[in-house]
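Protein chains in written order, with the numbering used here: chain A, 865 to 976; chain B, 14 to 126.
Honestly, I wouldn't trust all of these hints.
Straight-line alpha carbon distances no greater than 20 Å define the calculated SDA-like cross-link-like pairs of lysine to any residue that follow [what the hints assert, rightly or not]:
1. B:K49 <-> A:L905
2. B:K121 <-> A:V976
3. A:K929 <-> B:P107
4. B:K64 <-> A:Q960
5. B:K121 <-> A:K921
6. B:K118 <-> A:R972
7. B:K49 <-> B:V63
8. A:K921 <-> B:Q15
9. A:K933 <-> A:G904
10. B:K72 <-> B:G53
11. B:K121 <-> B:G53
12. B:K49 <-> A:K921
13. B:K49 <-> A:A866
14. B:K121 <-> A:K929
15. A:K921 <-> B:I60
16. B:K49 <-> A:K882
17. B:K118 <-> A:D902
18. B:K64 <-> A:N937
19. A:K929 <-> A:V916
20. B:K70 <-> B:T95
21. B:K118 <-> A:S969
22. B:K121 <-> A:L905
23. A:K935 <-> A:Q867
24. B:K49 <-> B:P107
25. B:K118 <-> A:K935
26. B:K49 <-> A:K933
27. A:K921 <-> A:Q960
28. A:K882 <-> A:V916
29. B:K118 <-> A:Q960
30. B:K64 <-> B:T41
31. B:K49 <-> A:K935
32. B:K118 <-> A:D923
Calculated Cβ distances over 12 Å to all of chain B for the following chain A residues [as the list claims (entries may be wrong)]:
33. E865
34. N892
35. L907
36. Y928
37. Q960
Simulated restraints, written as ranges between beta carbons of each label pair [stated by the list, open to error]:
38. B:T75 <-> A:L905: 39 to 49 Å
39. A:K881 <-> B:T41: 25 to 35 Å
40. A:V878 <-> B:K72: 45 to 55 Å
If you are wondering where the hints come from, they were derived from the structure by calculation, not from laboratory data. Note that the structure is predicted; figures quoted are calculated from it, not measured. For each residue, glycine too, the CB sits at the ideal point set by N, CA and C.
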Amino acid sequence: EAQVTQNPRYLITVTGKKLTVTCSQNMNHEYMSWYRQDPGLGLRQIYYSMNVEVTDKGDVPEGYKVSRKEKRNFPLILESPSPNQTSLYFCASSLQGTYGYTFGSGTRLTVV
Amino acid sequence: GQQVMQIPQYQHVQEGEDFTTYCNSSTTLSNIQWYKQRPGGHPVFLIQLVKSGEVKKQKRLTFQFGEAKKNSSLHITATQTTDVGTYFCAGQGPGAGSYQLTFGKGTKLSVIP
């Protein structure tokens, strides 16, 4: 089944403890992206990647890192999480980047 | 940067009534995409509009892209309880290789049976 898989689905962590949210897609898509969703603010793009080793900042990149060493994987790294990074995170992928994205099921992160 | 405004923020309708959500961009778009997110779910791609003045239909859903490629609308005819969710528009800029997708804040649709 064609899908984008994120892990974990839920995560509670403490301020400053490094964490990684994994994202993997099995559709051979070139474009991948991370979004955060907050009430009243909608979906905001954190980072996106056009291909292996090619990434660029979205609207809210501060406090996040990404890497794209393989086509299928696009992990989101929070080096030193803070409470204002508590949010619902979505990974998404697209074959061409200018057509519809397939979203993962989301990761609900709480930083205390 | 590019901004995409979407109204209304909330809409409550009686089952069988029509529903429309509107999207407006601060800049000309190369394309606009529409997504639906069910409560507790993730956004699901519905459709993409590319051409100026384009109209596309999916059963009871009608999507329009404005002549200036800066605004769009989604109209649902005779809503059903299965239409409940938040509808997002998302626009991509006109520049070649512009892959940043900017989402509107969404319209949350409630359908009263």
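We went through each hint and held it up to the structure:
1. Of the supplied pair hints, the one linking K49 of chain B and L905 of chain A holds, its CA atoms being roughly 16 Å apart against a limit of 20 Å.
2. Under the criterion of a C-alpha separation no larger than 20 Å, the hint pairing K121 of chain B with V976 of chain A is inconsistent with the structure, at around 29 Å.
3. Proposed proximity of K929 of chain A and P107 of chain B is contradicted: the alpha carbons are some 27 Å apart, above 20 Å.
4. In summary, the hint linking K64 of chain B to Q960 of chain A is supported, as the alpha carbons are separated by about 18 Å, within the 20 Å threshold.
5. Only pairs whose Cα atoms come within 20 Å are accepted, and K121 of chain B paired with K921 of chain A is rejected, the gap being roughly 28 Å.
6. With a C-alpha separation of about 19 Å, the suggested pairing of K118 of chain B with R972 of chain A holds against the 20 Å cut-off.
7. For a cut-off of 20 Å, the pair hint linking K49 of chain B to V63 of chain B stands: about 19 Å separates their Cα positions.
8. Taking the CA atoms of K921 of chain A and Q15 of chain B, the gap is about 14 Å. The hint holds against a cut of 20 Å.
9. Between K933 of chain A and G904 of chain A, the direct Cα distance comes to roughly 34 Å. Violation of the 20 Å bound is thereby established for this hinted pair.
10. About 24 Å separates the Cα atoms of K72 of chain B and G53 of chain B, which puts this hinted pair outside 20 Å; it is violated.
11. Only pairs whose Cα atoms come within 20 Å are accepted, and K121 of chain B paired with G53 of chain B is accepted, the gap being roughly 13 Å.
12. With a C-alpha separation of about 25 Å, the suggested pair K49 of chain B and K921 of chain A falls outside the 20 Å cut-off, and the hint is violated.
13. Proximity of K49 of chain B to A866 of chain A is assessed by CA-CA distance (about 18 Å); at most 20 Å being required, the pair is judged to hold.
14. Restraint check for K121 of chain B and K929 of chain A: not satisfied, since their Cα atoms lie roughly 31 Å apart, outside the 20 Å limit.
15. In summary, the hint linking K921 of chain A to I60 of chain B is not supported, as the alpha carbons are separated by about 25 Å, beyond the 20 Å threshold.
16. Under the criterion of a C-alpha separation no larger than 20 Å, the hint pairing K49 of chain B with K882 of chain A is inconsistent with the structure, at around 32 Å.
17. A threshold of 20 Å between alpha carbons decides the hint, and for K118 of chain B with D902 of chain A the separation of about 10 Å falls inside it, so the pair holds.
18. Taking the CA atoms of K64 of chain B and N937 of chain A, the gap is near 33 Å; set against the 20 Å cutoff, the hint is violated.
19. Between K929 of chain A and V916 of chain A the alpha-carbon distance is near 15 Å, which keeps this suggested pair within the 20 Å criterion.
20. Proximity of K70 of chain B to T95 of chain B is assessed by CA-CA distance (about 17 Å); at most 20 Å being required, the pair is judged to hold.
21. Restraint check for K118 of chain B and S969 of chain A: the C-alpha separation of about 19 Å stays at or below 20 Å, so the hint holds.
22. A hinted pair counts as satisfied when its Cα atoms are at most 20 Å apart, and K121 of chain B with L905 of chain A qualifies at roughly 13 Å.
23. With a C-alpha separation of about 14 Å, the suggested pair K935 of chain A and Q867 of chain A falls inside the 20 Å cut-off, and the hint holds.
24. The suggested pairing of K49 of chain B with P107 of chain B is violated, with an alpha-carbon distance near 24 Å, which exceeds 20 Å.
25. Among the hinted pairs, K118 of chain B with K935 of chain A is inconsistent with the structure: their alpha-carbon atoms are about 30 Å apart, more than 20 Å.
26. Proximity of K49 of chain B to K933 of chain A is assessed by CA-CA distance (about 31 Å); at most 20 Å being required, the pair is judged violated.
27. A distance of roughly 18 Å separates the Cα atoms of K921 of chain A and Q960 of chain A; the hinted pair therefore holds under the 20 Å criterion.
28. Note on K882 of chain A and V916 of chain A: the hinted pairing is violated, with a Cα-Cα distance of about 24 Å set against a maximum of 20 Å.
29. For the given pair, K118 of chain B sits about 24 Å from Q960 of chain A by alpha-carbon distance, which is inconsistent with the 20 Å threshold.
30. For the hint linking K64 of chain B to T41 of chain B, the alpha-carbon distance of about 12 Å falls within 20 Å, and the restraint holds.
31. Of the supplied pair hints, the one linking K49 of chain B and K935 of chain A is violated, its CA atoms being roughly 27 Å apart against a limit of 20 Å.
32. Restraint check for K118 of chain B and D923 of chain A: satisfied, since their Cα atoms lie roughly 14 Å apart, inside the 20 Å limit.
33. Every CB of chain B lies more than 12 Å from the CB of E865 of chain A, the least distance being 14 Å, so the non-interface label holds.
34. The beta carbon of N892 of chain A sits about 17 Å from the closest Cβ of chain B, which is more than 12 Å, so the claim that it is off the interface holds.
35. With a cut of 12 Å on Cβ distances, L907 of chain A falls inside the contact zone with chain B, its closest approach being about 4 Å.
36. Annotated as non-interface, Y928 of chain A keeps its C-beta farther than 12 Å from every C-beta of chain B; the closest such distance is 15 Å.
37. Some Cβ of chain B comes within 12 Å of the Cβ of Q960 of chain A; the nearest lies about 9 Å off, and the non-interface call is violated.
38. The given range of 39 to 49 Å is broken by T75 of chain B and L905 of chain A, whose C-beta atoms sit roughly 28 Å from each other.
39. Restraint check, K881 of chain A to T41 of chain B: a C-beta distance of roughly 44 Å breaks the suggested window 25 to 35 Å.
40. For V878 of chain A and K72 of chain B, the Cβ-Cβ distance of about 48 Å falls inside the hinted range of 45 to 55 Å, so the restraint holds.
Violation of the numbered hints given earlier is confined to hints 2, 3, 5, 9, 10, 12, 14, 15, 16, 18, 24, 25, 26, 28, 29, 31, 35, 37, 38 and 39; the remaining hints are satisfied by the structure.
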